[in-house]
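Chain by chain, the residues run as shown.
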Amino acid sequence: MWILYHVAIAYLILNVTHAEIINKNVERTLDLTSQLAKTTYKISVEDTAGKALKDYVFVVKEPNLSFISVKDGFSNKVKYEEKKGLANDQTEFKLTFASVSPQQNLVIETVSTKNILPHPAEIKQNDKQLVKFVGGLYLYSKYSTNTQKTNVMLSSSNILSHTQAKPYSVSSNKLAFGPYENIAPLSEDELVIHYENQSPFLTVNSLDRSIEVSHWGNIAVKESIEMTHTGAKLKGSFSRYDFQKDGRSGQSAVKSYKTYLPASASGVYYRDTNGNISTSNMHFMRDFVDLELRPRFPLFGGWKTQYTLGYNVPSYEYLFSSGNNYVLKMHLIDHIHDNMSIEKAVVTVILPEGSANIELITPYSIKRHQNDLIYTYLDTVGRPVITFSKQNLVENHISEFTLKYTFSKVSLLQEPLLVIGFIYMIFIFTIVLLRLDFSITYHSHKE
Amino acid sequence: MNRSSRILNSKVAGYSSLITFAVLLIAWIAGFSSRLFAVIRFESIIHEFDPWFNYRATAYMVQHGWYKFLNWFDERAWYPLGRIVGGTVYPGLMITSGSIHYILHVLNIPVHIRDICVFLAPVFSGLTSISTYLLTKELWSPGAGLFAASFIAIVPGYISRSVAGSYDNEGIAIFALQFTYFLWVRSVKTGSVFWSAGAAISYFYMVSAWGGYVFIINLIPLHVFVLLIMGRYSPRLLTSYSTFYILGLLFSMQIPFVGFQPIRTSEHMAAMGVFVLLMAVAVLRHLQSVLSRNEFKKLFIVGGLLAAAIVFVAVVGLTMMGVVAPWSGRFYSLWDTGYAKIHIPIIASVSEHQPTTWFSFFFDLHILVCAFPVGLWYCIKQINDERVFVVLYAISAVYFAGVMVRLMLTLTPVVCMLAGVAFSGLLDVFLQEDASKRTGSVMNSVSETDDLDESLEKKSLYDKAGKLRHRTKHDPTHEGGMSSNLKSIVILAVLMILMMFAVHCTWVTSNAYSSPSIVLAFHNSQDGSRNILDDFREAYYWLSQNTADDARIMSWWDYGYQIAGMANRTTLVDNNTWNNSHIALVGKAMSSTEEKSYSIMTSLDVDYVLVIFGGVIGYSGDDINKFLWMVRIAEGEHPKDIKESDFFTDRGEFRVDAEGAPALLNCLMYKLSYYRFGDLKLDYRGPSGYDRTRNAVIGNKDFDLTYLEEAYTTEHWLVRIYRVKKPYEFNRPSLKIKDRLIPPTNFISRKNLKRRKGLIRNRPTVVKGKRSLK
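Taken in order, these protein sequences are the chains called D and E. For the first sequence, position 339 (counting from the first letter as 1) is numbered 339 according to this note's numbering, and the numbering increases by one without interruption. For the second sequence, position 518 (counting from the first letter as 1) is numbered 965 according to this note's numbering, and the numbering increases by one without interruption.
Think of the hints as simulated: they come from the structure by calculation, not from any bench. From a predicted model like this one, the values you see are computed outputs, not experimental measurements. In this text, a Cβ means the ideal position worked out from N, Cα and C, and glycines have one as well. Any given hint could turn out to be false.
Calculated pairs, DSBU-like style, for lysine-lysine (alpha carbon to alpha carbon, straight line, at most 30 Å) [what the hints assert, rightly or not]:
(1) E:636 to D:304
(2) E:1172 to D:128
(3) E:1118 to D:124
(4) E:1173 to D:128
(5) E:1128 to D:255
(6) D:233 to E:636
(7) E:636 to D:235
(8) E:1087 to D:128
(9) E:1183 to D:245
(10) E:1185 to D:124
(11) D:128 to E:1128
(12) E:1173 to D:235
(13) E:1173 to D:233
(14) D:304 to E:1183
(15) D:114 to E:1185
(16) D:235 to E:1073
Here are the computed distance ranges between Cβ atoms for each label pair [as the list claims (entries may be wrong)]:
(17) D:335 to E:1100: 41 to 51 Å
(18) D:308 to E:1028: 37 to 47 Å
(19) D:83 to E:527: 54 to 64 Å
(20) E:513 to D:248: 50 to 60 Å
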């Protein structure tokens, strides 16, 4: 078996030109304080042959990779090509450097979801939520690594067990592994940490975000959210008495969370199919609105809830025009709660009636759905609807999309004229009707 | 009609129609807005219990279409029986809001069906006041009509059933009732087929909307009957009643829920009898004109007696044979107020079926209850065909309102009308002088000034008094038959009373009738802030989100509609109360011990049990307070197992503390309400387990549940939900399938090659297709 392995490595070494590329130093920081696994890699790459480095292949071994950003030593973005669907859930990124130099520094940030799993999967109400993280002890790389270190940040100092790969050190909620020297390419070893994590494990199963643009000065945003507590499931009975009396009871349950809305948001509503959810607080901050949402019931592990959150923002902050050309710049998704994880988001933009030449530019790749028409108040030909979706989103995905379209200003008058015309017709009709006599016999009109 | 009557007025006098229009519009707006307290204080939400079913049915109809709705079999109610909804509802309400929804959506106005349902009753209150105006105008005068319209717009007796969110049949039925009566009076007056056909159509709408249509189909025949007795027969009456009856009969039988009842039940027999009688009278009249006086007398006596005998025998015979159903229990309770208490506890358990107290007459009608006998007296004094109708209407409605709180609703319109007549008559007398001086026609100007007063009253309460005082200053110049000072004093007094009426109406509406009852609000005594108790929706939403879609919830029937509407889960019993024994079974489960009720619950496939418990916050409408009704209803069906007397102490008290009856302290309802409540201390000094609703420390504190476990309890403990455990969860530990393997031992089979097969002696030979004989 291992002969084969050596042959493969030999093949790699012989075959590929990057035989001379090595990871000189790797510093990895794993942030496991929330439900997301956030990793920051600081890699200094060197071509030992002294040639200029052109490209570099970075492999992410974690499943459910949600977000990646790659920067070089000068905080400039590095272009990359993504290759998905490889074996073992891994994703390859082929980076192309802008500057030419045999030495490059890389700062790579990744965020992945669903890699911190509750263990045990079911707990009683008064139990603590324990989670287990399984990852790689070394940087999984196609190149050999000289030295590497891994720092892990945990949510609490209560660590039940972790991989004992020397050298390592533990200090309260921090773990440090390494330095490990001279790691061969493609070598793997498991890093397992079992620890207490009471931070909210909330997953947004689906987010329906609709943005309705009105040229009368208002943009209405409505978000329908389905949410599940994906932490350790509640086992056995729920006890309101314990929950009220004992502060330690149900710590992993989510009683409330904060949503940040744009500063200019007004007319906020928070409701579900049974009407308004009366348990929310709103605080106006300088540059955002802090909305403290309490679901109707505390969310224990495995419990879910649904709600709709909506608000209005003035259009002058997001809609720009010159002549008949308009540009809408809005957040593709917005903040729902800290360290959120969205399984699927569908964004719908409803433009005013008569908009044409629609062009959508998004900050990252999305799945575009078919355009549609919607008919609401006083519509005749329908409003164009642009829909697109994306899966597995995190907070880092909050960024703006741009939507360009043309709209003739005259057609703004169409709807008022429609109303005026309609009322005018009613009056005309009444005037005519009252002057007609439909009776078949003569009535004196006196009783 | 309204329009044509307005034109009519405008031909006679210029401003009259404008004032009529303005007053009716203001009455509409005032009526609409005074019904919005609940929406403003809380939100646009469906109230109480029955409206939730109506809303759910409407939403179903809007989603699936009319024919699907008619055939709707609701398997989420009355588990495991289900309910044929399409055939057991009055669909008028759903059709009304469904068609409004349809029209708005055709016009691309995307209003949610819930908002239509919430605002339907307030909108219809405006139509009610218009039809009251028309009816009173037919009966008395336009001035009285405007008074009546303004009264009914804001009178609490009607608002109690038609606030925004109270999406119930009564909301549209009162409009249909008044409009039918208007068309009927019109048709009696004119003898025109057109109006009586209109009355029949309006009656059809009423039948489709509310079970109270029986009131119409008995009152109109009564009217005809009394007219006949009074010797007021006329061909107009014959035309209008025969047209109305035949068309109305045919129309009413089109409603699936009514079906053949109009020709088969006793409630409808009066109408048929009067129809026959009217025909007989018409024939006799005809004969009278043909035959001589003597012959006719003979024929009349013999024929009359014979006919009466035949009719009586036929009715009795048909009733005995079961073709005509005897009167239903709810109807008996109208005649004998003690009937329900003895025979049908389920009807007696509903608070709105209790006899009305004197207090509530004044509370709901205020000054009108004093003014309406005056109007009645006016009508009797100047009697004519249509005033006979209103007199009968008043008398019967007063009787029914005295029997049941709920029927206060049918009294309210007639009280408004007659009070309108009374006030109009009063002002006729006391405003006559300066009216006649100012314009030519007395009649018209009276109505005009009335209108003015009314519209002023609607606009602002306090300005009006000042303005009127200003006007009365002119009076001394015109000396009439009565001292002008006296007149102004009387008018001021009347206006004062009307003002107080308006204030009272607003106060009652805002305080008594504008609570959605699913959201409770209370004022914090410490800082005066308003807190909202949203426990019902919290629990229902928890059920809808965190239980299996087909989970079956057992609760007392009061909450059935709400669970179905808000949680969308299967219930065992609900507010429809059509199956008494099923309700009794739930009552039995609630009042038995945990063990016994577990067997009932498993036989009914119950997954969750929901109880309402108000002991923490002092909510008095909880299940423990309703518990005796459960026991009574259960006892009615299971007298061997449940005895009401077991739940009382030796001294005949119902108490939950340590002295309470042991049957009570160990029954399921008690345990579910008070589970772990014994540990709870509500304040630092008080004892633990102190029930605020019943002001007692509970008697049974330390107990555990074997067969159920707490699944959810809301923030203020108002709603408690328990999960019924599966047998393996308490009986023996469950084994997963993979664990069920027998561990391998060092057992070696004795079977060798020779003895590999086993043999069964006397093995039965099976012949396919034949049943084996034993």
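Exercise for the section: Measure nothing beyond the straight line between the CA atoms of residue 1173 (chain E) and residue 235 (chain D); if it is 30 Å or shorter, mark the hint as holding. Expected result: Measuring from Cα to Cα gives roughly 15 Å; hence the hint holds.
Problem - Status of the given 41 to 51 Å range, CB of residue 1100 (chain E) versus CB of residue 335 (chain D) - result: Hint violated: Cβ distance 59 Å, outside 41 to 51 Å.
Handout entry: Range agreement (Cβ of residue 527 (chain E) with Cβ of residue 83 (chain D), hint 54 to 64 Å)
Key = 57 Å, holds
Problem - 30 Å Cα cutoff - pair residue 304 (chain D), residue 1183 (chain E) - result: Since the Cα atoms of residue 304 (chain D) and residue 1183 (chain E) sit roughly 27 Å apart, the hinted pair holds (cutoff 30 Å).
Handout entry: Range agreement (Cβ of residue 1028 (chain E) with Cβ of residue 308 (chain D), hint 37 to 47 Å)
Key = The hint (37 to 47 Å, Cβ to Cβ) holds, given that residue 308 (chain D) and residue 1028 (chain E) are roughly 42 Å apart.
Problem - Hint consistency between residue 235 (chain D) and residue 1073 (chain E) [alpha-carbon to alpha-carbon, up to 30 Å] - result: Given pair residue 235 (chain D), residue 1073 (chain E) is violated - Cα atoms ~33 Å apart, limit 30 Å.
Exercise for the section: For the pair we were handed, residue 1185 (chain E) and residue 124 (chain D), check the Cα-Cα distance against 30 Å. Expected result: Given that 30 Å is the threshold and the Cα spacing comes to 24 Å, the pair holds.
Exercise for the section: Quickly compare the C-alpha distance for residue 636 (chain E) and residue 304 (chain D) to 30 Å and report which way the hint goes. Expected result: 65 Å, violated
Practice task
Sort out whether residue 233 (chain D) lies within 30 Å of residue 1173 (chain E), counting only the CA atoms.
Solution key: 19 Å, holds
Exercise for the section: For the pair supplied as a hint, residue 233 (chain D) and residue 636 (chain E), confirm whether the alpha-carbon distance does not exceed 30 Å. Expected result: Given that 30 Å is the threshold and the Cα spacing comes to 74 Å, the pair is violated.
Problem - Restraint check for residue 114 (chain D) with residue 1185 (chain E), where alpha carbons must lie at most 30 Å apart - result: 28 Å, holds
Problem - Pairwise hint evaluation, residue 1128 (chain E) against residue 128 (chain D), where the allowed Cα distance is 30 Å at most - result: 26 Å, holds
Hints 1, 6, 7, 8, 9, 16 and 17 from the list above are not met by this structure, while the remaining hints are.
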